[in-house]
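We have chain R already, so just place chain S on it with the hints.
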Amino acid sequence: MQKKEAVQKDDVVQAVVIADCYQNTFRPVTDLPALLPLVNKPLLAYTLECLSAAKVDEAIVFCSFGVEEVKYLVSCREWGRMSVTVITSDRCSSLGDAMRDLDAKAILRGDFILVTGNLIGNLDLLSALERHRKIQKTDKGASMTLVYKECGGKSRSIEDEMYLGIDGKTDRILAFQRRLRGSLMEIDMEAILAHGQVDIRNDLFDCKVSICSMNVPPLFSDNFDFQSLDDFVHGLIINEDIIACTVYSYILTGSQYAATVTSWQNYHYISKDVVHRWTYPFVPDLREDERYTYNRNSIYLQDVSLAKDCRLKSDVVIGKESIIKEMAHVLSSVVGKRCTIGANSVISNSYIFDDVVIEDESTIDHCVIASGCKIGSGSSLSGCILGPKVEIDIRSSVEQSRLQHVPKSTGEGDPIGGKAFEYTSDADEGSDSDSEDEGCVMPGWRGLNYEQSKPEAEDDDSDSLSGESTDGAHSPIQDDTNLFYSEIVDSMLRGYEDKLPCDNLVLEINSSRYAYNVPLSEVNYNVVRAILTLEQNFTWESLADRLKYFKPLFVNYMRNKDAMLECLNAIEDVAAINPPLALVTMKLIHVLYDRDILTEDPILHWYRNPRSDEAKGQQLRESVKRFIEWLEKAEPSDDEESDDESEDD
Amino acid sequence: MIDAKVPVLDEKIVSWILDVKEGKCKGDAIILGTVRLMKEVVNDGKWKNAQELMSSVREVGRAVERRLSCTVTEGSSSANVIRRVLRIVREEYLALGKKEAVEESLHKMLTPRIDGTKDEDDYGTLIPNLGAAILDHLNELEIELETSSENIAAQASEHIHNNEVIMTLGNSKILADFFKGAAKERKFEVLVAKTEPSCAGLELAQVLHKAKIQTNVVPDSNIFSIMSRVNKVIIGTDTVMANGGLRSICGSHLMALAAAHYSVPVLVLAPLHQLSPQFLCSPNQPSFNTFLSPHGVLDYTDSDLLAKVDVYNPKYDYVPPDLVTLFVSNTGGHTPSYIYRHLTELYHPKDHQL
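Chains R and S, in that order, are what the protein sequence lines are. FYI, the numbering used here numbers position 217 of the first sequence as 217, with every residue one higher than the one before it. Counting the second sequence from 1 gives a position; the numbering used here is that position plus 1000.
Chain R with its partners taken away, still in its complex shape:
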């Protein structure tokens, strides 16, 4: 009898819902995104409905604050046959902490489903769970299956960007990266070699749903540096040899949909997906408690009072007892319950929560307006996020800002008037540090409007790039090469100051070269670059001195034509950022030529084949023109001369 009970307990499907997002993305609207209404229904309600429809037996909601609200939400709805328990722990500041806490509490009985409270979906979790169990039979180390949806090409917001390397046969995840470094993705060569077929994909959308084995919470306990799920996946892939656990992917098929709200942009797009019914049967017109009617052009209404000549264009949801007055335009927006939209107002691409009053002639575009706000007549808001109970004066105009109804600290100026204060968050710093932990770059705050924020983000990218590579002309230098460069600069500086024998330097450079696995061409390039830029204050005398001292290095590295070309490229690049050197370039090349470090073939080749059409390169070539002409003149007699020279030598 007992045994039978135990077996039944094994069959219980458990799901852990993490109701916190441990970030301040949604401030000042809410601290607890699980309670954020999406198409007029809290996200947590979607999550629990999804779990209940997927025949999960037991849902454990884990939250660290806002417990009362979460409990209220859970208690006032029915969740079918699923039992819901709310567990609190106020010490948790990350998903990792939550998992460690769960491990300590030992309430999980087997494989479980891990989701956040921001999940919206209609996916069949049981088949994902079944797949996970099947994999476990063949791979004992399988600890997690991550659920993805194919979204086709470009991700719709920066948070969703993701690159995966998946074993084509077993669906095992071999590489995982949120954003590219430069334009590169890091994949362990061994992983590729060990698996016959590896698919590199970035057309997947991370649903942030994972099927976890029993060993996941203990793994979090063992590795205190795992903060987020990304850390976990990354850690498992990198330390495969040590932890001996594997991660698999599961791609949703058919009409299954799942998405997790992580940012306002995400919120925007997922709202659209709900309005466009991808989440069927979780659409507004099939809600048991508050049924909307579904009309043409994706307009959902519920006991709304519409003025005769108001206009609702496509993708509009308007909640109970709202009033839309004469000549008001609403398009691609969600309006909550008991709202008033004044006459001649224009609302577009916005999300308006409950009990909001928008007076006449207002224009609102790409805004989120939390409950209880009041917008004075004639105002215009664009790209704003308004916290609860903000009041905006008549005829004010606000763009791209976050507002809350109380000042952050007393004595702070109030540029907007009414009850509206700029929300400047210490949270920004907080979220920055968070994002560093995750290893992904989170460019500051962004509102709903992805199109507008996109260029910003790209700027960020280019900034970081130019920061990394000191010379813009050359392709961005990778980390290893940079490290190599700084190391040889160190050893050369030391050698030069202490007048060590140059042969020792060759040894040092070579060992650095093998340590960082730098190809020979880059060694040549960087050695020359280092010699030229060794001293901050550039003078010809010091350079001449250095050339004399480092001659053995030149002799050692400038062995063939390619090496000499690299040398000339290095001179060109350094000259481009160092004007004093540009002035003496001709002299420098001449000296090198005289000392037989450079021969004329590579010089002429370099002169005639500029790498790019850059003005600086042209200028430089112009400045060495005289020397080249002299070389060319000497050329006809080149053969005999070189013979002579060699004989002379």
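Keep in mind that the hints were calculated from the coordinates and are not lab data. Owing to the predicted nature of the structure, the values given are computational and were not obtained by experimental measurement. Beta carbons are placed, not taken as given, at the ideal position from N, Cα and C, and that holds for glycine. Check the hints yourself; a few may be wrong.
What the hints assert, rightly or not - Ranges of calculated distance between the beta carbons of each label pair, as one might list FRET restraints:
(1) R:GLU78 to S:ASN1043: 21 to 29 Å
(2) S:ASP1044 to R:GLY168: 57 to 65 Å
(3) R:LYS389 to S:VAL1297: 23 to 31 Å
(4) S:HIS1107 to R:SER75: 55 to 63 Å
(5) S:LEU1135 to R:GLU78: 24 to 32 Å
(6) S:SER1337 to R:THR293: 30 to 38 Å
(7) S:GLN1206 to R:SER75: 31 to 39 Å
Stated by the list, open to error - Anything over 12 Å on all C-beta distances counts as not near chain S; from chain R, calculated:
(8) GLU58
(9) LYS71
(10) LYS105
(11) ILE107
(12) GLU150
(13) PHE205
(14) GLU240
(15) GLU288
(16) ASN344
(17) ASN482
(18) LEU547
Using the frame of chain R, we list chain S on its own:
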């Protein structure tokens, strides 16, 4: 949030609704389940007279309909069953109370009663054996519903003849049974339209193939071009509207129009419980249709298109009554113009709105 108005339902009812929602209970089982639920309502004895019984039946009926209509499977037929139960209660009450059943007629409605008594009975009189009588009648209803599919299949050989080419679409048990019934005596060919985007036609084709009926699947785009070769169109439906129109799987209207063009008769298999007292008043009537996920019409991977288009994936088509030649119900064949007669026989006019 739960409205205060919504009654607290019996555990049994709640768990049955969950069964339906989770897909454990499908098709005819939903109809039979509804009757069994109603029997329990009658049995539980919490009512004193017919009026109370009717109001509790209504209450349960409303709740069941409301919840089932939110699920993927449709609850409209179970609402029809509840209407019939109400009718049975009324009939038994009047029969046992020795009162003449009030037949609605134009004459009666227009001429005032001479004796000045109230036209309506309030069903408030206490009648001792009412419960038992109703239960008997409900058992009959249950048997009728159980056998309706068989009854329809038994008529198959009257409608399908040797060497005929039959076109159909969608998938339903009743359709498969009908063809199987005909195949016992006749040799014929079935063309099944694929019925995108649900591809239900493929499932039906598999079932028929297993039953060794000569079956071909045709793409939906070829329905019109093949129609000229077809002798009969036989389809199932979800609901028969009060005017004899159909609410049936998407694509039916297209097929019915093609059939009308080539003067091919359209037969609709419709057990009586699918008969609904509702009309379609306007093409945009919100409660009429169900719109599914755009998947199947547009792929989610077409991310560039997603934001730019509105996609409609309706579950049903409305087929106007003039395109239907004959309804084959468990009581025989009827023309669409006869549907109103069934309506008055099966449902009391006051029960049209639950």
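Tested hints:
For the hinted restraint 21 to 29 Å between GLU78 (chain R) and ASN1043 (chain S), the CB-CB distance of approximately 26 Å keeps it satisfied. Against the hinted window of 57 to 65 Å, the Cβ-Cβ separation of ASP1044 (chain S) and GLY168 (chain R) comes to about 60 Å, which satisfies the hint. In this structure the hint that LYS389 (chain R) and VAL1297 (chain S) lie 23 to 31 Å apart at CB is violated, the actual value being about 43 Å. At roughly 58 Å, the beta carbons of HIS1107 (chain S) and SER75 (chain R) sit within the given window of 55 to 63 Å.
For the pair LEU1135 (chain S) and GLU78 (chain R), the beta carbons lie near 31 Å from each other, so the given range of 24 to 32 Å is met. Checked against the hint of 30 to 38 Å, the C-beta distance between SER1337 (chain S) and THR293 (chain R) comes to roughly 32 Å, which is consistent with it. At about 46 Å, the beta-carbon gap between GLN1206 (chain S) and SER75 (chain R) misses the expected band of 31 to 39 Å. With a least CB separation of 16 Å from chain S, GLU58 (chain R) remains clear of the 12 Å interface cut-off, as annotated.
With a cut of 12 Å on Cβ distances, LYS71 (chain R) stays outside the contact zone with chain S, its closest approach being about 14 Å. Its beta-carbon lying about 29 Å from the closest one in chain S, LYS105 (chain R) satisfies the requirement of being farther than 12 Å from that chain. With a least beta-carbon separation of about 25 Å from chain S, ILE107 (chain R) lies farther than 12 Å from that chain, consistent with its non-interface assignment. Distance check on GLU150 (chain R): its Cβ comes as close as 5 Å (rounded) to a Cβ of chain S, failing to clear the 12 Å threshold; non-interface status is violated.
Chain S draws PHE205 (chain R) into its interface by the beta-carbon criterion, the shortest separation being 9 Å against a cut-off of 12 Å. At roughly 31 Å from the closest C-beta of chain S, the C-beta of GLU240 (chain R) stays outside 12 Å, upholding its exclusion from the interface. With a minimum CB-CB distance of about 5 Å to chain S, GLU288 (chain R) fails to clear the 12 Å threshold, and the non-interface call is violated. Separation of ASN344 (chain R) from chain S is adequate, the least Cβ-Cβ distance of about 26 Å exceeding the 12 Å criterion.
Chain S leaves ASN482 (chain R) outside its interface by the beta-carbon criterion, the shortest separation being 36 Å against a cut-off of 12 Å. Chain S leaves LEU547 (chain R) outside its interface by the beta-carbon criterion, the shortest separation being 58 Å against a cut-off of 12 Å.
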